[in-house]
Amino acid sequence: VTLFELCQQIQGSAFGTALLESQYMWLIIESVHVLGLSVSVGVLFITDLYLIGRFKRYGTVAEALQSLRPWMLGGFALMFVSGGLLFWSEAATVYTSPWFRLKMLFLALAGVNALLFEARLGRKMVKWTHVARVPAAAQVAGWISLASWTAVIIFGRWVAYAHT
Amino acid sequence: MTLLSLFHAFEATSLGAFGRKSSVFFPAVEVLHLLGLTSLLGSVLVVNLKIFGMILPRQSVESVASAMKTVLWPGLVLTVGSGLLLFLTEAVKCYYNLAFWYKMALLVCAVLAQLKLYSRLQSAPTRQSQFRVAATISLLLWFGVGVAGRAIAFV
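For the protein sequence lines, the chains are Z and C, in the order given.
In our numbering, each number is its position in the first sequence, counted from 1, plus 53.
In our numbering, each number is its position in the second sequence, counted from 1, plus 344.
No lab work stands behind these hints, which were simulated from the structure alone.
On a predicted model such as this, the values are computed, not experimentally measured, just so you know.
Some clues are possibly wrong.
Non-contacting residues of chain C with respect to chain Z, defined by C-beta distances greater than 10 angstroms in every case (computed) [unchecked claim]:
hint, residue
1, Phe354
2, Phe362
3, Leu379
4, Ser387
5, Gln403
6, Thr414
Computed footprint of chain Z on chain C; a stretch qualifies when at least three of its residues, placed anywhere within it, have a C-beta under 8 angstroms from a C-beta of chain Z [claimed, not checked]:
hint, region
7, 423-429
8, 433-440
9, 450-459
10, 486-498
Here chain C is said to cover these stretches of chain Z; the calculated rule only asks that three of the stretch's residues, wherever they fall, bring their Cβ under 8 angstroms from a Cβ of chain C [claimed, not checked]:
hint, region
11, 85-94
12, 98-109
13, 115-125
14, 171-184
Note that beta-carbon positions come from the ideal geometry of N, C-alpha and C, so glycine has one too.
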């Protein structure tokens, strides 16, 4: 089975078809995805701004990241569930979309960036009591996060436009 | 001059005509609208969560509010500016769209509530519990603006 055939089977499944044909359910899920995005990525942007030293007068990086993390993760869980449902109903349609592939690429980049940050710098965060102590690598991670999530939003919007 | 003829005039502007002719104008401006909204809602949520005492325990409400101000207002300017461009391309459609009017009314209330919240925070910073009701109202209003905005495309 190729990946495309798998996507066709996902979209063609009873649940995928029902979702695509149910006007209201699909619109509600899409709205949850779009509005939830502005909240979860919005909070993520704030943590990135702490990371790049934008809010140095308003608390440490560790404080901001630890305090905002549960809200961010909750928002992202909502994003993945609603996004997963949308994909279920359109898997084969979006599989061929170059914009969808770019979106997934930048989503992966954002994920790898976050994992590398946690693995290599996460435990050292508490020592960054002053902005001068935040290593350059952490600031770079903040910029990569800001850029890749912006790209995810841009290409995500373009997925919807490309096949209408 | 009626309101409808005014909306016809908005739609007839060269910018509106350009927006309708170009296939990338609308989605490109909508991306800006979405990025502005992301900055706006993210910072509003952080301010309001702080008012509820749920985040950043070592910072004061005023300090979180003044930090978020630098994201909140530019976010609002970007959202409203891009929203105006979107409006110019389909002003007459908006005139007949009930969700559009709900969105505008909610938007005015949300901005006024946010301004009021900020001015109260600056004048009476010590008593924070009284702001919880205001913060709840602010969140509900912004959520309403978002839902009504999405609904413009559906109704």
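Tested hints:
no.	hint	verdict
1	Phe354	holds, 23 angstroms
2	Phe362	holds, 18 angstroms
3	Leu379	violated, 6 angstroms
4	Ser387	violated, 6 angstroms
5	Gln403	violated, 5 angstroms
6	Thr414	violated, 8 angstroms
7	423-429	violated (count 0)
8	433-440	violated (count 0)
9	450-459	violated (count 0)
10	486-498	holds (count 5)
11	85-94	holds (count 6)
12	98-109	holds (count 5)
13	115-125	holds (count 5)
14	171-184	violated (count 0)
Checked against the numbered hints above, the structure violates hints 3, 4, 5, 6, 7, 8, 9 and 14; every other hint is satisfied.
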